[in-house]
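*Asks:* Line by line, the protein sequences are chains A and B. The first sequence begins at 13 in our numbering and counts up by one. The second sequence begins at 981 in our numbering and counts up by one.
Possibly wrong hints are sitting among the right ones.
Pairs of lysine to aspartate or glutamate, DMTMM-like flavour, derived with a Cα cap of 20 Å [claimed, not checked]:
{"id": "1", "chain 1": "A", "residue 1": "Lys26", "chain 2": "A", "residue 2": "Glu57"}
{"id": "2", "chain 1": "B", "residue 1": "Lys1074", "chain 2": "B", "residue 2": "Glu1086"}
{"id": "3", "chain 1": "B", "residue 1": "Lys1136", "chain 2": "A", "residue 2": "Glu45"}
{"id": "4", "chain 1": "A", "residue 1": "Lys86", "chain 2": "A", "residue 2": "Asp65"}
{"id": "5", "chain 1": "A", "residue 1": "Lys104", "chain 2": "A", "residue 2": "Glu56"}
{"id": "6", "chain 1": "B", "residue 1": "Lys1039", "chain 2": "A", "residue 2": "Asp49"}
{"id": "7", "chain 1": "B", "residue 1": "Lys1136", "chain 2": "B", "residue 2": "Glu1030"}
{"id": "8", "chain 1": "B", "residue 1": "Lys1027", "chain 2": "A", "residue 2": "Glu44"}
{"id": "9", "chain 1": "B", "residue 1": "Lys1027", "chain 2": "A", "residue 2": "Glu38"}
{"id": "10", "chain 1": "B", "residue 1": "Lys1027", "chain 2": "A", "residue 2": "Asp48"}
{"id": "11", "chain 1": "B", "residue 1": "Lys1027", "chain 2": "A", "residue 2": "Glu57"}
{"id": "12", "chain 1": "A", "residue 1": "Lys86", "chain 2": "B", "residue 2": "Glu1086"}
{"id": "13", "chain 1": "B", "residue 1": "Lys1039", "chain 2": "B", "residue 2": "Glu1013"}
{"id": "14", "chain 1": "B", "residue 1": "Lys1027", "chain 2": "A", "residue 2": "Asp65"}
{"id": "15", "chain 1": "A", "residue 1": "Lys79", "chain 2": "A", "residue 2": "Asp49"}
Think of the hints as simulated: they come from the structure by calculation, not from any bench.
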Amino acid sequence: MDRNQSHRQVATMKQSLFDQGYLDHEQFNQLEELQDDANPNFVEEVVTLYYRDSARLVHSIEQALEKSPIDFNKLDSYMHQFRGSSSSIGAKKVKAECSLFREYCRAGNGEGR
Amino acid sequence: MARNGVVASQRWRSDGDVSSQQQPPADSVVADEVHVLAVDDSLIDRKVIERLLRNSSYKVTVVDSGVRALQFLGLDGEEKKASSIGAFDSLKIKVDLIITDYCMPEVTGYDLLKKIKGSSTLREIPVVIMSSENVVTRIDRCLEEGAEDFIVKPVKPSDVARLRGYMATSEPSVRVNKRKQRESCESCSSLSTASSTSSSISSSPSLSPSPPSSASPTPMSISEPSSPSPSPSPPMSQSVSAPCSPSLSEE
Chain A
13 MDRNQSHRQV ATMKQSLFDQ GYLDHEQFNQ LEELQDDANP NFVEEVVTLY YRDSARLVHS
73 IEQALEKSPI DFNKLDSYMH QFRGSSSSIG AKKVKAECSL FREYCRAGNG EGR
Chain B
981 MARNGVVASQ RWRSDGDVSS QQQPPADSVV ADEVHVLAVD DSLIDRKVIE RLLRNSSYKV
1041 TVVDSGVRAL QFLGLDGEEK KASSIGAFDS LKIKVDLIIT DYCMPEVTGY DLLKKIKGSS
1101 TLREIPVVIM SSENVVTRID RCLEEGAEDF IVKPVKPSDV ARLRGYMATS EPSVRVNKRK
1161 QRESCESCSS LSTASSTSSS ISSSPSLSPS PPSSASPTPM SISEPSSPSP SPSPPMSQSV
1221 SAPCSPSLSE E
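Please take these sequences and the hints and turn them into a complete structure.
*Replies:* What follows is the structure in structure tokens.
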């Protein structure tokens, strides 16, 4: 019954992510619905792309933050991208953080406080 | 939505197939004949929109930039020659709908929209804009420029289901004649052949002899036989691309 167990574990994890607000229920479900026999790995592919893309963006953001003075427009642009992809995946919390980050950018607030 | 619902889907059959004048009634347009061009600079969004569209049995071409989209459509500067040598025709492109992201580098979705609507050969293709930002001024600007709809991301299956309605055509493709005429003479104003093909098209047959170069703003004599353009006043909108630093200059 390993497989069932794994499925249950995944389901539990997923629900927990929904409950904690990390993952948007509706959006993620829609992605899952796009997966079918013809595209059995769709969700995995998209999420993998997202992680890769996010890593790249986070790296760019870190570099941008190290510059002095901070180029807020550039930062804002990175955050716009990050927020967009997070939204498509249903990464709710990340999306919210991106929005907040962007507010700071627009205010020229490099400290984020 | 700005349009009053009826959109003449342009079937650009490069072989100049005269029979395409007799468009099938809207409800018999077969889904898998329909070709959608999707434009988005985000890899993730491209993947998602492609899947969404393919799930609706559309044939999909996805490009990653406005520049690529313009190239695909033959609007990348080559269009000046298009009418004389039929370059666009030879590309054998048939696009029934274009769905594009708004915020893209270099050529934004808005720029793309303007170019398409400014092209005498392509302006009938319905264009839908997507954006993660729900900015009223942005939405208005796009609708005024002729976009069929403005979808706030993330795109949902219900949004894609709506696209169907923009592609339905209940009118024969009058444009075929215009295009054929243009092949022989650059600025044709007479569409006597066109007006005979349609009974539901009532507006004047004179085509604004818009120069094929879509880089210039549309001369706005709205004499298109299809549904009237949403903006009665000339949308000689700013030739500057709509700013895409989201909301920074729009609020």
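*Asks:* Each hint should be assessed against the structure and marked as holding or not.
*Replies:* Structure-based check of each hint:
| no. | hint | verdict |
| --- | --- | --- |
| 1 | A:Lys26 - A:Glu57 | holds, 17 Å |
| 2 | B:Lys1074 - B:Glu1086 | violated, 25 Å |
| 3 | B:Lys1136 - A:Glu45 | holds, 11 Å |
| 4 | A:Lys86 - A:Asp65 | holds, 17 Å |
| 5 | A:Lys104 - A:Glu56 | holds, 18 Å |
| 6 | B:Lys1039 - A:Asp49 | holds, 19 Å |
| 7 | B:Lys1136 - B:Glu1030 | holds, 12 Å |
| 8 | B:Lys1027 - A:Glu44 | holds, 13 Å |
| 9 | B:Lys1027 - A:Glu38 | holds, 18 Å |
| 10 | B:Lys1027 - A:Asp48 | holds, 15 Å |
| 11 | B:Lys1027 - A:Glu57 | holds, 9 Å |
| 12 | A:Lys86 - B:Glu1086 | holds, 15 Å |
| 13 | B:Lys1039 - B:Glu1013 | holds, 7 Å |
| 14 | B:Lys1027 - A:Asp65 | holds, 13 Å |
| 15 | A:Lys79 - A:Asp49 | violated, 48 Å |
Going down the numbered hints, you'll see the structure goes against 2, 15, while the others check out.
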